[in-house]
Structure formats: C-alpha cells, structure tokens
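Participant: Okay, here's what each chain looks like letter by letter:
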Amino acid sequence: MKRRTFFKVTTTLAATLVAGTVFAQDNIVVGAVAPKTGPLAGGAAVTHWPNIALWVEEVNARGGLNVGGEQRLLEVIEYDDQTNPAETIKAVQRLATQDDADIILAPYSTGLNIAAAPIFDRLGFPQITSSAATDQIGELSGQFNDMFFLLGRSSDLAEDAVEVLSDLREAGEIGNRVAMVNVADAFGIELMAVGKPALEEAGFELVYETSYPLGTQDLSPVMKAAKAADPDAFVAWSYPPDTFGLTEQAMIEELDVKAFYTAVATAFPSYGGRFGAAAEGVMGIGGVNTASPEFQDYAARHEAATGSKPDYWASGMMYASLQILEEAIETTGTLDMAEVTQFIKENSFETVMGTIEFDDMNSNTAYWTVGQWQDGEFKGIKETGREGAVEPILKSGWE
Amino acid sequence: MNMKKGDWKNLGWGAALLAFAALLPLTGDGYLISLGVSIAMYVVLATSWALFSGPTHYISLATAAFFGVGTYVMGSGIEYISYWALLPIAGLIGGLIAALVGLATLRLSGVYFVIFTLGLAEMTRQAVTWYQNQTGHKGTYVLTDLTDPDIYWQLLVLAGLVFLLGWAIGRSKLGFALRIIGDDEDVARHVGINTALSKVALFVVSGATAAIVGAMIAPRFIYIEPATAFTPMLSFQVVIMALLGGTGRLWGPLVGVIPFTLLWEAISSSFPNQTTLLLGLSFLAIVYLLPGGFVGLYDRLKGRAARRSAMA
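Heads up: the protein sequence lines correspond to chains A and B, in order. Under this note's numbering, the residues of the first sequence are numbered 15 to 413, in order. Under this note's numbering, the residues of the second sequence are numbered 122 to 433, in order.
If we strip away everything but chain A, and leave its shape as in the complex, we get:
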C-alpha cells in the first residue's frame, strides 16, 4: 500500500467517526451488541440476531412503537463484541453515551450478559436476558436490580433431564445402566456437576463416564467405549460441535439405547435438518410447546423474514424478551427506563412462549428444561410450569 493511500484510508476512517451516525429525530434508537465473530458467533447467528431483525421489521411495518400517542420507528445500531466481555461492556457504554440509544437490548450468552450487568444497572436500562442460564439468579438480581432472567436456573436443566430418565425407569421402559459424558468446559462441567449426583441419587448405575476437551474432533473413542459398557441410556452434557459429533458417532456405532440425550444445540433446527429421521427420539436441553398457535405463527414469521427457522429453546425466549420490552414501553407510553423496568417487574406478559411474569428475584420461573425430537419437531417434554408438554417416546434405532 502506498503511503498516500494509507493516509486516505485513515482520513476516511476518521471522517466516518466524526460524522457518526445521524438519525431522524423521532426514531427510537435501539442498541444491540452480541457476537458476530469469536466462539459464540455461531450460536448468536441462530438465536440472537435474527430475532432482532424480525422484531424491528415487524414493528416498523406497522408504523413503529406507540410512545405516548406518537408512532416512532425503530433504528438499530449493531455492534460485534467479538465474544469478549471487555468489548461488550465498552459497546454498551458506547451505545448509551455516544449513540444516545433509547433502548439497549441484553447481550448474548451467560458470560457476556453477566459482564454487562453492572453497566446496564448503572445506566438504568432493563436487561432482559434470554440466553443466560445460571444458579446465581438471586445474588445477581439482588445486586443488579434491572436484570431479568427468562431462561431459568442451570441446575433445573440437568436435574430435569435426570428426572425424565427416572420416570422412564419407573415405568419399566428403560433399565438402570447409564453412560454419561461431558465436554470439559464451563457450562458442560456445570451441568455434569449437577447431573452426576442427581443420577447417583436416583439410583442409576453409571457404567461409563468420561469427559473430553472442548473442540475434540474425533469422538469415536468416546462412543465406542460408551457402547462397550452396554448402557440403557446415554447422556451427554455437550456443546454445539460435539452434540453433532456424538450423534454422528452413535449412528455409526449403532448405539442401542432407549434414551439418548445431548445438551446444547440439540434444539437447533439444523440438528433435525442434518439427522432427519435418525433424530427421532433424541432428547436435549430446552424445548417449546410446538402445538401452540402463537409459537407456530412466530416460527412461520421468523422463517419468512430471516430465511431460517427459530431454534426450539432460546429463540422464542429472545423474541419474548422483545415483546415484553415493547409492551412495557407502549403501555407506560414512555421511554423512561425506570418506569419501563418497574412495569416489567409488576406485570405479566403474553408472549410467543406463553404467559411470562417475574418473581421477586426478577426470574421467570416457568420454562422448558427438556425436549425431544418427535415427528420432525423438537417438542418440550419437561418444564417448570409451562403448558403443552408431550409424553416422551423411546429411542428405537437410528434409521
């Protein structure tokens, strides 16, 4: 590059920076920050970003949000936090002070949401998290009063999976032998730390148990050893790449179990897309009431607007968080965030995931914990207070 061209590039860059982004005055500026690059970019591209696009498109199509009798269009500013909490914090600051955002949407994932909590709290924006699963809800909402939790406690997710197995065993459908594996990384370890004692307490016999590092490419030794232990049920506290990898190996090894559970990403539409009929009977983390007309309608709109289906776990919750924000703003008729937050705490909301209200720890206590692929859809089979759970079916082969 010639020196002069370089200067030209830097000057253009500086000019863009100075000019900033100028918006029409009556638009509502919506700030959004989540990964577009880094390890969590893939998950955010399925669960987070499409919902923002859908919501903004729909709201603007009907003329914008009604704030105190005035229709105002939404204008989104998006930032990539590179899956780095320091960047998330900085981007939220930038949205509030440089871009004068009227609303800032909660970031993506447990870690990035918790890192951003002090900033949201200090700026006074409600932070309705839809992709954060933690057991510290009480401590967090105690310190950060504007932080809300839609996805639930992480312990419930693992405990309920064990309960599904217990119920199947009580019904005499499966035996007592369980093979359990986990990905050795933050959430995988957390689920295992809850799931293993729960399995033991329920009287299951752990015939095989191992962990593998994050990013392991070859999972065939894991599955071979699991098969050799001759289990009745297989449980994997897994992450997106290995959820797919383990299922693939189970098909190759023809793992003969009546219950097969993989954790994160089993609820992704791409899971059903990739394994087709072989996915039938696979259980996983999450779930939705696929029979509810609200969800069906939402899924159709999501696909029409963004070209992809929503996932069967956090997607709906992400959209619900936007619906809650929308209703709170339109009903209170203000963009005063303290008033909006108070409204969210005190009211219940009709969303695509059903009725949602928050307890005194700002936590939604009714959520899906276990789902299962049945007839090409990932249906909720276990919940903490949602309607429409279906009966689990037994896994019968991989054809």
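Misleading hints may appear alongside valid ones.
A short list of chain A residues far from chain B (calculated; beta carbon distances all over 12 Å) [as the list claims (entries may be wrong)]: (1) 73; (2) 95; (3) 284; (4) 353; (5) 404; (6) 408.
In silico lysine-lysine, DSS-like type, Cα no more than 30 Å apart, as pairs [to be verified]: (7) A/272 / A/238; (8) B/423 / A/238; (9) A/359 / B/259; (10) A/241 / A/272; (11) B/130 / B/423; (12) B/294 / B/126; (13) B/259 / A/241; (14) B/423 / B/126; (15) B/294 / B/130.
Chain A stretches covered by chain B per the calculated footprint, using a threshold of three residues with CB under 8 Å from any CB of chain B [what the hints assert, rightly or not]: (16) 47-61; (17) 84-94; (18) 98-106; (19) 115-128; (20) 144-157; (21) 195-209; (22) 327-334.
Worth flagging that the hints you see were computed from the coordinates, not collected in a lab. The C-beta atom is built at its ideal place from N, Cα and C for all residues, glycine as well.
For chain A, the structure is supplied; the task is to place chain B on it using the hints.
Facilitator: Quick look at chain B alone, frame taken from chain A:
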C-alpha cells in the same frame, strides 16, 4: 544509586502525568472511563512485557497464561480471602509459574521460545479446566462492589509501580546485563554474566504483573470462563501494541497502546461487521510503515534533524 538532576525531573514528570491520568473518572463519562480501563490495562501489560522482551529480544506470547492464572486466583479465592490479599497472592503465583517456566525454557532460543509461550496459555487453560472437571465445579463468580473507576485507579497504581521498577532496572547492573544479552548472548556469558538468572528475573516480573492485572480485571467480568480468561488474542494484542510503540525505551509501549486502543475503538464502532479484516490491515500497515515503532520513528527524526544541523 546516585540520582542526577535529570532523573528527578523525569520522575517528577512521570508522577505528574500519572496524577493527571487519575483525574479521568472525575469526568463522570462512563464511555471514557471504560476506554481508560482498556488503555490502563494494556499499558501495564505491554510495559511489563517490554521490560523482559525489549532488551532480551525474546518474544513472549505467555501474557494470556499469566493473566488467566490471576483471573482464576481471584475467582477461586474471593469467597474465602479478601480482595486486597488476593492481588499479591495472584502476583506470587504468577511469578512462581514464570520462574518455573523460565528456568525450563529460557535456554530455548528464538522461535522455539515463542512457540512454547504460545502453548503455555492453552496448557494452563486445560489444566484449570481439568481441575474444575475433576472437582465438579459450578461456575466461577466474582461479585464485588468495585466499579470501573476503582479498577481504573488500581491499574494506574500498578502502572506507576511497573514504570518505577522498569526505571530502576534500567539503571541497575541487571539492566546493563540484559542489554548485553540482547546484543550477544555469547559475549554476555563470556564476560561472566549469569544469563539464565537475569532472564528469569525479568520474566518473573512480567509474569507476576500480568497475573495481578488478571486478578484486577476479574471483578469486571464477574462470570469467569476459561475461554475469556485465557484468550490468546490478549497475548497478540500486547505484543502488537508494544511493537507499535517500540521497545527501546520505557515509554515506548505507552505511546503504542494509546493510539492502538483508539484505532481499535474507531474500527469496532464504525465497521462492526469488518472488525477483524480492518485490524489485520492495520497490523500490516503498522509493520510496513513503522518498523521500529514510534520510538524508532522518533529516533529517526531526531537523527535526521541532527544531520541536517550538522550539514548547515
């Protein structure tokens, strides 16, 4: 150590600049403060990195390893011990690891050392993960009431200490020995310098500092994950910032960190979808246009001016 008049002047200037920088949180602008935290963090990391790598020419990519160790010391200790006690403990553990690693690897030269330090971050991360997996760990939280200004001031104090230490080392026998090692290690050995000990001593300083920075940043992230504590990006950023500034002088990394952080900020706010691409291009531009960093440019310009006045 006898102090000359010029030394007192330099110290005075340093103290005044630090005091001025400490005023930033008084602006009350959260955005400026969060930029300030980034800058202060990288100033400490890059300066302590350059203390070791500058004179010895050993490129260390181990910053993320020590930073992550510090983060986890804070994360696992905060339930039992006070925050203030954990900062020196993090430094001790970071320094201890640096000493062990240094003794084992500083015999390696050039590219072998670089590759080893790159692997160190991943190895430490796997060790932490292995331990958590064995013990059935349920998430690491550092919930304190420390705010961004608190963290910023702590980092500034640490920066002051690092500069003071670097200044003292530069004037000591150790500093002299390191410069000789950097020029020619064989010569250094022949004139009776204990090269291994000198290198390890400086490596310990930079390792301990990075660990303390990690411990200070932990309350900012609250939820500690291996992926964010041991991110390899951190090691590379520190090296690039230090090289942009130049490692020949103590203030070199400082003048690299500030423009780089601002450039990074400009790119991520103006081009959120092309951040990585534009950063790559900036790296190329830096290496191509500023081979010796700002320090090299400064020396070149000074040399040119001196030649011109000599010709006149």
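Participant: Mind checking the alpha carbons of residue 423 of chain B and residue 238 of chain A for me, to see if they're no more than 30 Å apart?
Facilitator: 69 Å, violated
Participant: Please verify whether residue 294 of chain B and residue 126 of chain B have alpha carbons no more than 30 Å apart.
Facilitator: 21 Å, holds
Participant: Closer than 8 Å, Cβ to Cβ, for at least three residues: run that test on the stretch 98-106 of chain A against chain B and report holds or violated.
Facilitator: Held - the stretch 98-106 of chain A has 7 residues with a Cβ nearer than 8 Å to chain B, which meets the minimum of three.
Participant: Verify this for me: three or more residues of the stretch 327-334 of chain A with a beta carbon less than 8 Å from a beta carbon of chain B.
Facilitator: Three-residue rule not met by the stretch 327-334 of chain A, so violated; n is 0.
Participant: Is the straight-line distance between the alpha-carbon of residue 272 of chain A and that of residue 238 of chain A 30 Å or less?
Facilitator: 17 Å, holds
Participant: Count the residues of the stretch 115-128 of chain A with a beta-carbon closer than 8 Å to any beta-carbon of chain B: does the count reach three?
Facilitator: Holds: 3 residues of the stretch 115-128 of chain A have a Cβ under 8 Å from chain B.
Participant: Within the assertion that chain B covers the stretch 144-157 of chain A, do at least three residues meet a Cβ-to-Cβ distance smaller than 8 Å?
Facilitator: holds (count 6)
Participant: Please verify whether residue 259 of chain B and residue 241 of chain A have alpha carbons no more than 30 Å apart.
Facilitator: Roughly 28 Å between the alpha carbons, so the hint for residue 259 of chain B and residue 241 of chain A holds.
Participant: Hey, does residue 408 of chain A actually stay past 12 Å from chain B on C-beta?
Facilitator: At about 30 Å from chain B, residue 408 of chain A clears the 12 Å cut-off, so the statement holds.
Participant: Are three or more residues of the stretch 84-94 of chain A within 8 Å, CB to CB, of chain B?
Facilitator: holds (count 3)
Participant: Is the Cβ of residue 404 of chain A more than 12 Å away from each Cβ in chain B?
Facilitator: Non-interface label stands for residue 404 of chain A: nearest chain B Cβ at 31 Å, farther than 12 Å.
Participant: Can the stretch 195-209 of chain A be counted as covered by chain B under the rule of three residues or more with Cβ-Cβ separation shorter than 8 Å?
Facilitator: holds (count 9)
When held up to the earlier numbered hints, the structure conflicts with 2, 8 and 22 and fits the remainder.
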